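J.: Listed here are the chains, written in short residue letters.
2 protein chains.
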Amino acid sequence: MKKEFVKEITPMGEDFAQWYTDVVTKADLIDYSSVRGSMIIRPYGYALWENIKNELDMRIKETGHENVYMPLLIPESLLQKEKDHIEGFAPEVAWVTHGGTEELAERLCIRPTSEVLFCEHYSKIIHSYRDLPKLYNQWASVIRWEKTTRPFLRTLEFLWQEGHTAHATDEEAHEETTRMLDVYASLCEEILAIPVIKGQKTEKEKFAGAKFTYTIESLMHDGKALQTGTSHHLGDGFAKAFNIQYSDKSGALQYVNQTSWGLTTRVIGALIMVHGDDRGLIIPPKAAPVQLMIIPVAQHKEGVLDFAYHLKNRLSKTFRTDIDASDRSPGWKFNEHEMKGIPLRLEAGPRDIEKGQVILVRRDTGEKSFIPIDDVEQKVAETLEDIQKSLYERALKLREEKTSSVLTMEEFKEVSAAHPGFIKAMWCGSRECEDKIKEETGATSRCIPFQKETLSDKCVCCGKDEKHMVYWAKAY
Amino acid sequence: MKKEFVKEITPMGEDFAQWYTDVVTKADLIDYSSVRGSMIIRPYGYALWENIKNELDMRIKETGHENVYMPLLIPESLLQKEKDHIEGFAPEVAWVTHGGTEELAERLCIRPTSEVLFCEHYSKIIHSYRDLPKLYNQWASVIRWEKTTRPFLRTLEFLWQEGHTAHATDEEAHEETTRMLDVYASLCEEILAIPVIKGQKTEKEKFAGAKFTYTIESLMHDGKALQTGTSHHLGDGFAKAFNIQYSDKSGALQYVNQTSWGLTTRVIGALIMVHGDDRGLIIPPKAAPVQLMIIPVAQHKEGVLDFAYHLKNRLSKTFRTDIDASDRSPGWKFNEHEMKGIPLRLEAGPRDIEKGQVILVRRDTGEKSFIPIDDVEQKVAETLEDIQKSLYERALKLREEKTSSVLTMEEFKEVSAAHPGFIKAMWCGSRECEDKIKEETGATSRCIPFQKETLSDKCVCCGKDEKHMVYWAKAY
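Residue numbers (the working numbering), protein chains in the order written: chain A, 1 to 476; chain B, 1 to 476.
Hints are computed from structural coordinates only; laboratory data are not their basis. The structure presented is a predicted model; accordingly, all values stated were derived computationally and were not measured. Some hints here could point you the wrong way.
The list cannot tell twin chains apart, which means a pair is met if one copy fits it or any two copies do.
[Stated by the list, open to error] Taking lysine-lysine and the DSSO-like style, the derived pairs with C-alpha atoms no more than 27 Å apart in a straight line are: (1) Lys424 to Lys286; (2) Lys438 to Lys402; (3) Lys53 to Lys317; (4) Lys458 to Lys198; (5) Lys286 to Lys53; (6) Lys53 to Lys240; (7) Lys317 to Lys452; (8) Lys317 to Lys286; (9) Lys61 to Lys286; (10) Lys333 to Lys124; (11) Lys249 to Lys301; (12) Lys389 to Lys379; (13) Lys474 to Lys464; (14) Lys124 to Lys147; (15) Lys224 to Lys474; (16) Lys355 to Lys368; (17) Lys312 to Lys61; (18) Lys206 to Lys467; (19) Lys467 to Lys26.
Could you put together the complete structure from these sequences and hints?
T.: Spelled out as structure tokens, the structure:
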């Protein structure tokens with residue numbers, strides 16, 4: 001039974017893309033609909049997003065930000081106000097041309113991001129240095145007209161939060177950009193157990209309209225990188241386009257400096273591809289909708305269900321606990337909840353009850369332990385903590401194994417083909433070399449890491465003086 | 001100062017519509033943007049919505065529902081599957097015709113509501129009686145192409161939750177329809193202090209595609225009614241259009257019975273117009289983003305600010321507490337926070353500190369009391385509770401004062417013109433009389449209340465045998 005069931009998920013090694021699709025659909029995270037490129041986020045997937053959202057929202061509020069809600073639709077003329085921004089986004093927006101039966105005088109796009117709406121609002125509400133900083137955030141869905149889509153990773157519509165802030169000085173905006181990247185990094189590392197590399201995007205890869213973009217990058221099981229969150233220093237470009245000025249303490253008019261930063265449902269794709277295995281999903285305990293699944297064994301026997309429900313009530317006080325008392329076989333249940341990535345399983349049958357014990361089974365290692373019933377809270381707490389820690393360590397180890405350094409283009413091509421993962425290489429800073437590396441190896445610049453390293457003094461591509469060590473990778 | 005400030009809000013009695021606009025903008029709930037008919041929900045307004053949302057989400061989950069997320073866009077062919085539904089909604093949807101630079105083969109509408117998406121999904125995931133009931137809910141924004149808009153009350157885009165459920169039998173769907181109406185009623189009465197009348201909509205006023213619609217109706221300060229939440233029994237009409245069938249215990253195929261129910265940001269409009277006064281907003285404590293505002297008096301004097309911040313830390317443990325230590329005058333602050341409807345103000349100056357007391361001022365009555373500092377937690381708790389209760393009672397009294405019974409059309413017209421409010425009158429059940437009453441009095445049928453009453457045995461309009469007592473009113 002176990003075997004037959006596991007067959008349903010394509011092994012990672014055989015076809016990673018198919019493994020991913022199997023996991024997202026069979027673990028009931030998403031379903032497809034007749035809306036091309038969009039996904040239905042099912043209860044299990046949405047509960048996971050709600051946990052992530054709550055953790056992030058708390059951190060966003062703790063750092064002094066307030067939530068707001070901006071309109072979904074943006075008039076074309078408003079979107080066009082900042083030149084680089086419209087150039088970056090115009091090719092991928094959805095256009096509303098009719099309202100009811102009438103054709104609109106001006107078409108409206110569905111927000112691909114909301115900089116221009118925040119800017120228009122800021123130009124109305126910011127007057128004096130006393131009005132600064134403005135630290136706003138919004139939870140919303142956005143649309144980008146992607147041609148090729150994959151659940152969570154690249155969809156026409158996705159859910160996210162977008163922070164938009166205005167500050168008196170460039171320095172304060174810079175601090176904010178860093179602060180929010182740190183918030184994203186702590187969410188990923190502490191809650192999602194995903195190790196990240198913090199760094200700066202190259203000019204080519206930065207956000208349309210930004211002065212610079214900071215990013216956190218993580219590495220998937222198949223050696224591809226995934227941009228997990230970005231934080232942009234917008235400088236005063238938008239402020240000039242939208243005339244967002246304040247009078248400083250001396251009464252002189254100054255342009256504000258702005259930031260924006262976003263984290264999306266994409267992070268669920270990262271979670272799946274960092275922790276999952278051939279049995280399915282593995283969700284870190286701190287993010288898991290269900291941390292502990294109780295499975296009664298031989299539940300038709302007297303006292304078993306009572307005992308299991310009693311345990312459920314008892315453990316629900318401390319852990320997100322569920323029970324599967326359906327009429328499926330224990331084997332089916334084991335597989336089902338393993339596939340769904342529930343970190344810990346508790347089995348209890350007549351013999352265990354007799355002996356005053358229960359069985360705990362870890363999802364990450366499969367390790368089984370027999371626990372005296374009196375110790376169950378303590379053991380569950382310890383084990384969940386250990387799973388959280390182990391998942392992070394395992395992911396970090398995987399990333400380290402899949403990170404190489406190269407000094408020549410030959411090495412670069414070889415490693416890129418044979419050992420997919422992060423490739424560290426020196427770069428002169430020119431767009432030409434960046435493009436050439438992509439063309440010849442398929443790898444794009446992921447980031448110039450904050451933690452500097454020097455592998456040589458020459459650009460890996462042109463041999464001229466290096467400017468930065470860059471993390472390169474094929475990426476989602 | 002106080003006087004001058006209050007002038008900024010148009011008195012209710014002078015121009016109720018202008019009073020409303022003044023309150024929503026000056027209390028910083030919303031702002032306008034260049035997007036016609038949409039609103040920006042500002043931090044204070046959004047914090048209020050978050051409180052309402054959290055309270056409702058908790059109740060939705062406690063009654064066994066799960067949150068999901070459906071796509072924003074609906075293909076035209078999918079929207080057309082249920083005949084009555086498309087007829088009702090087609091005139092008011094926004095159409096996406098282009099993605100990026102390409103014209104779409106089939107246009108997509110932005111969801112005005114998501115029945116068809118849930119139905120398509122249900123037809124895929126419901127197979128057996130074991131799969132029922134399905135109890136789903138979604139938090140989202142929707143668009144309806146309204147010509148005349150007013151913040152919260154009628155906007156192109158609004159935020160809401162929409163529940164969509166599928167059940168084995170008509171009876172179970174009926175129970176669900178009632179259960180969720182009760183959830184809305186308890187939210188309105190217990191948290192928002194808004195008394196509601198529960199009842200059923202007439203055929204004319206029911207939801208497009210429903211078997212019947214239940215509603216809660218509340219009465220505003222100006223005597224107009226506002227539909228505050230609706231719960232629809234969809235019968236098996238959608239199930240037949242979308243082929244949502246399950247095999248029952250005997251193996252026979254059956255259509256499911258469905259419900260849908262929604263509550264929107266409109267409820268904030270109700271809260272404003274039920275509780276507000278000429279000084280501005282009054283927010284019931286259970287919904288208030290800030291329950292208690294501390295205002296230091298003579299804050300430049302030694303010890304005052306320290307004392308105020310100490311109090312803030314102490315009271316923040318139990319209440320949503322804020323402090324206004326800005327350099328504005330106490331008079332300005334009093335007015336500002338009264339206008340924002342903060343239920344309770346705490347003043348503390350050097351003399352109070354000396355006497356070991358603070359001053360509490362209620363927003364609803366203006367009543368001032370001197371409280372020994374040791375009793376402050378208890379007094380704040382008691383006063384907030386009393387404000388919550390008083391606001392409900394005051395609103396109920398107002399509704400009762402503004403509710404009349406009429407037996408003839410002459411009375412109906414007279415009362416409708418002279419005493420705006422709910423008008424109770426008997427009705428024969430015909431569409432003709434319903435239309436005629438609207439034409440002659442401006443009042444629409446609000447609901448056939450669950451709590452039956454008989455005023456006479458004849459229809460107020462045609463004199464034929466009555467079928468129901470109906471609440472009529474001019475409405476938002």
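J.: Compare the structure with each hint and give your call.
T.: Evaluation of the provided hints:
1. For the homomeric pair Lys424 and Lys286, neither the shortest alpha-carbon distance inside one copy (32 Å) nor that between copies (55 Å) is at most 27 Å.
2. For a Cα distance limit of 27 Å, the shortest separation of Lys438 from Lys402 inside one copy, 19 Å, qualifies, whereas the shortest one across copies, 73 Å, does not.
3. Taking identical chains as interchangeable, the C-alpha atoms of Lys53 and Lys317 lie at most 27 Å apart whether they share a chain (22 Å) or sit on different chains (24 Å).
4. Taking the closest pair of Cα atoms, Lys458 and Lys198 come within 27 Å of each other only inside a single copy of the chain (23 Å); across copies the shortest separation is 77 Å, beyond that limit.
5. In this assembly of identical chains, Lys286 and Lys53 lie within 27 Å of each other by CA distance both inside one copy and across copies; the values are 12 Å within and 24 Å between.
6. For the identical chains of this complex, Lys53 and Lys240 are neighbours neither inside a copy (33 Å) nor across copies (37 Å), given an alpha-carbon limit of 27 Å.
7. Proximity of Lys317 and Lys452 under a CA criterion of 27 Å is satisfied in neither setting, with 46 Å inside one chain copy and 44 Å between copies.
8. Taking identical chains as interchangeable, the C-alpha atoms of Lys317 and Lys286 lie at most 27 Å apart whether they share a chain (16 Å) or sit on different chains (25 Å).
9. In the homo-oligomer, the alpha carbons of Lys61 and Lys286 lie at most 27 Å apart both inside one protomer (19 Å) and across protomers (20 Å), since each shortest distance falls under that limit.
10. In this homomeric assembly, Lys333 and Lys124 come within 27 Å of each other (Cα to Cα) only across copies, at 22 Å, whereas the closest approach inside a single copy is 57 Å.
11. In this homomeric assembly, Lys249 and Lys301 come within 27 Å of each other (Cα to Cα) only across copies, at 25 Å, whereas the closest approach inside a single copy is 78 Å.
12. Proximity of Lys389 to Lys379 under the C-alpha cut-off of 27 Å is restricted to the intra-copy arrangement: shortest distance 15 Å within a copy versus 46 Å between copies.
13. In this homomeric assembly, Lys474 and Lys464 come within 27 Å of each other (Cα to Cα) only inside a single copy, at 24 Å, whereas the closest approach across copies is 78 Å.
14. For the identical chains of this complex, Lys124 and Lys147 are inter-copy neighbours only, at 25 Å across copies versus 37 Å inside a copy, given an alpha-carbon limit of 27 Å.
15. In this assembly of identical chains, Lys224 and Lys474 lie within 27 Å of each other by CA distance solely inside one copy; the values are 5 Å within and 62 Å between copies.
16. For the identical chains of this complex, Lys355 and Lys368 are intra-copy neighbours only, at 16 Å inside a copy versus 65 Å across copies, given an alpha-carbon limit of 27 Å.
17. Within a single copy, Lys312 and Lys61 get their C-alpha atoms only as close as 33 Å, which misses the 27 Å cut-off; across copies the closest is 18 Å, which meets it.
18. Taking the shortest Cα distances, Lys206 and Lys467 sit within 27 Å of each other inside one copy (17 Å), while across copies they are farther apart (68 Å).
19. In the homo-oligomer, the alpha carbons of Lys467 and Lys26 never lie at most 27 Å apart, since the shortest distance is 47 Å inside one protomer and 53 Å across protomers.
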